[in-house]
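Novice: Now for the letters of each chain:
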Amino acid sequence: DIQMTQSPSSLSASVGDRVTITCRASQSISIFLNWYQQKPGKAPKLLIYAASNLQSGVPSRFSGSGSGTDFTLTISSLQPEDFATYYCQQSYSAPYTFGQGTKLEIK
Amino acid sequence: EVQLVESGGGLVQPGGSLRLSCAASGFTFSSYNMNWVRQAPGKGLEWVSYISSSSSAIYYADSVKGRFTISRDNAKNSLYLQMNSLRDEDTAVYYCATGGGYGSSPNWGQGSLVTVSS
Numbered sequence: 001d002i003q004m005t006q007s008p009s010s011l012s013a014s015v016g017d018r019v020t021i022t023c024r025a026s027q028s029i030s031i032f033l034n035w036y037q038q039k040p041g042k043a044p045k046l047l048i049y050a051a052s053n054l055q056s057g058v059p060s061r062f063s064g065s066g067s068g069t070d071f072t073l074t075i076s077s078l079q080p081e082d083f084a085t086y087y088c089q090q091s092y093s094a095p096y097t098f099g100q101g102t103k104l105e106i107k
Numbered sequence: 001e002v003q004l005v006e007s008g009g010g011l012v013q014p015g016g017s018l019r020l021s022c023a024a025s026g027f028t029f030s031s032y033n034m035n036w037v038r039q040a041p042g043k044g045l046e047w048v049s050y051i052s053s054s055s056s057a058i059y060y061a062d063s064v065k066g067r068f069t070i071s072r073d074n075a076k077n078s079l080y081l082q083m084n085s086l087r088d089e090d091t092a093v094y095y096c097a098t099g100g101g102y103g104s105s106p107n108w109g110q111g112s113l114v115t116v117s118s
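Line by line, the protein sequences give chains A and B.
Per this note's numbering, the first sequence starts with residue 1, numbered consecutively.
Per this note's numbering, the second sequence starts with residue 1, numbered consecutively.
Looking at chain A on its own, in the form it has when it is part of the complex (with noise of 0.2 angstroms):
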């Protein structure tokens, strides 16, 4: 199986900051990587799917890049609503593992 490890487990951020999260898989998976969002209560949001591509009506803030096992999800400048919990995910092979998650909180 395929392990997902996302770094770091939180982090602390003021709006207006450019925040990155990094995803490594433990073997290659190409640019089959996928970037959720999570605020509680609610189901996942997708943000970026295939590494790089933006989903439809996620703003552009919003990016990613990396391909084969080292991945990253960028926030240009972070806004109030952005405090949330992202898990990147591979869709590479089954099982489709999920990264353990990044909790981004207001400092």
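Hints listed in this document are in silico derivations from the structure and should not be mistaken for laboratory results.
Note that the structure is predicted; figures quoted are calculated from it, not measured.
Hints may contain errors.
What the hints assert, rightly or not - Mimicking DSS-like on lysine-lysine, the simulated pairs with C-alpha atoms at most 25 angstroms apart in a straight line are: (1) A:Lys39 with B:Lys43; (2) A:Lys103 with A:Lys45; (3) A:Lys103 with B:Lys76; (4) A:Lys45 with B:Lys43; (5) A:Lys103 with B:Lys65; (6) B:Lys43 with A:Lys107.
Fit chain B to the known structure of chain A by using the hints.
Specialist: Same frame as chain A, now just chain B:
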């Protein structure tokens, strides 16, 4: 508008069974792969199972293999998860989600809570 509505959750004793349903509307259900994903209280997301649009390909997480069965009825626009031999650690909110580009899940239901407890 895409809608996914899960139902069938509830309280069940260890060793018991439960069947979750996911009613889909607003899109051509028969053309989409589907996933079940769960989240234990206070924990992260865990992918559970996948079924292709025609049911020709089915996958499970190791943690549920042999106990859970995913299925779909394209005529009824419905996805199912039959859960047998339930354990305490199966307690979670269960989400159904559509399959999208590159295996992503762009649409999710609101979730159905399954509690396994004596």
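Novice: Confirm or reject each hint.
Specialist: To see whether the hints hold, each was checked on the structure:
1. The hinted pair formed by Lys39 (chain A) and Lys43 (chain B) meets the criterion: a straight-line CA distance of about 13 angstroms does not exceed 25 angstroms.
2. Only pairs whose Cα atoms come within 25 angstroms are accepted, and Lys103 (chain A) paired with Lys45 (chain A) is accepted, the gap being roughly 15 angstroms.
3. As the CA atoms of Lys103 (chain A) and Lys76 (chain B) are separated by approximately 38 angstroms, the hinted pair breaks the 25 angstroms bound.
4. Proximity of Lys45 (chain A) to Lys43 (chain B) is assessed by CA-CA distance (about 17 angstroms); at most 25 angstroms being required, the pair is judged to hold.
5. The hinted pair formed by Lys103 (chain A) and Lys65 (chain B) fails the criterion: a straight-line CA distance of about 30 angstroms is larger than 25 angstroms.
6. With a C-alpha separation of about 23 angstroms, the suggested pair Lys43 (chain B) and Lys107 (chain A) falls inside the 25 angstroms cut-off, and the hint holds.
In summary, the numbered hints that this structure violates are 3 and 5.
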